[in-house]
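Enquirer: Sequence:
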Amino acid sequence: MTRGGFREHLARHLSLRMRLAMGTALLLLAVGGLQVLFINWAVRKALPPVIQMGFFMVVPGNYPYSSRLLPIFPGKEEASPPGPVTWYQVPNIMRQAEQNLQEQVLQAVQRLSLLSLLVTALVGGAATYWLSGRALQPVRALSHAVARVDADRLHTRVAVPPARDEVRNLAEAFNDLLDRLETAFLQQQRFVSDAAHELRTPLATLQASLEVLHLSPAATDPATEASLAAMARTLHRMETMVEHLLLLARGEPQTRREPVLLAPLVEAILDDLHPLAAEHEVQLALQGEADLEVLGDETLLAVALRNLVDNAVRYNQPGGQVIVSLAVQGPWAVVRIADTGPGIPDDEQARVFDRFYRGAAARARHQTGSGLGLPLAQHLIHLHQGRLDLTSTPGQGTIVTVFLPRHRDATLAH
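Numbering (our numbering) for the sequence shown: 674 to 1087.
These aren't lab readings, by the way, just hints derived from the structure by calculation. What you were told as hints is all true, and nothing was included just to trick you.
Restraint-style ranges between C-beta atoms, simulated for each label pair: (1) Q708 x D849: 47 to 55 angstroms; (2) F864 x S688: 37 to 45 angstroms; (3) D945 x Q862: 26 to 34 angstroms; (4) V1001 x A881: 42 to 50 angstroms.
Glycine residues also receive a C-beta, built at the ideal position from the N, C-alpha and C atoms.
Given only the sequences and the hints, what does the whole structure look like? Please build it.
Expert: This is the structure:
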């Protein structure tokens, strides 16, 4: 592994706090190692040399001191000491004892130096870990606050710390960004809402005109009847799109928090979609928990689940099935909608929740969808603090799984 690759590996697997602590410990080890080498060299130089010659002389001392030994070193002339001098031969064992003593001193210095080096590195690393944790605490708080902000809660602002430091500047910059984003989203919602409201009147006029044409004698002509049917399908698609746009433009509507039994709700949706399923030769089935209950807005949940089942029916194949199953998974109420359709290509799965996106299969089959059904369902599920997952295998079908907090665990955001 290269040096750059090793650094990237550490950055991916270690937190900034741990990297700071490890970096400080390694730096202390490097600097302390140089100090240990210098101390050992200085101690070795400071120790007196071992007696090299085999003789020494004894000079009588004055009371209360005893006689002192004056070693004779090679190449060094000693001044003649006062008084009588007695010469003795130095035993080899004395020279060896002095040499051993110096080696013991050097080894003790080395052990103490290495021990102090390790203690310094450990204490320095631990202190850096603790101090960096205190210093990064505002950053963690800011990160948690930022994570709670999404497209449905742009009014949320992160707390600005009182200290005038880099974290305060970051928090203020992020709040300024949220201000601009919220303004842009509000302008977009107002535009969509105004446009949808303006479209309602002409669509109602067109619907009335079509109903009048259906009652006229000319409607019995096969060509005219086919044209009127095509116009009716297009008009229905436009009306559905307008209703979805209005619901999306509401942003985060005030949801009623009341217990909702999912089984009766899904049964009503399947009954309502039975004619559509018969038209597409698709069988509908419900299985699983009968008493599964969530806390939420029954109307909005019905819109979300209906859109999901509607999609599963429309993009199925003749003789196929749509099975809705209800289950419990920990704190979640799980609604699983599985179809036996052609599936969604891998390159399209990431875009199915984009607004107005219609896949190649929908365009090829001339389906009248608006491209807003799945985005709207996802939006409404998020309002209930749930999530929506989609898995699809081309040639086998698609499974959409809705996770909603169960009644005893559900706490909806205001």
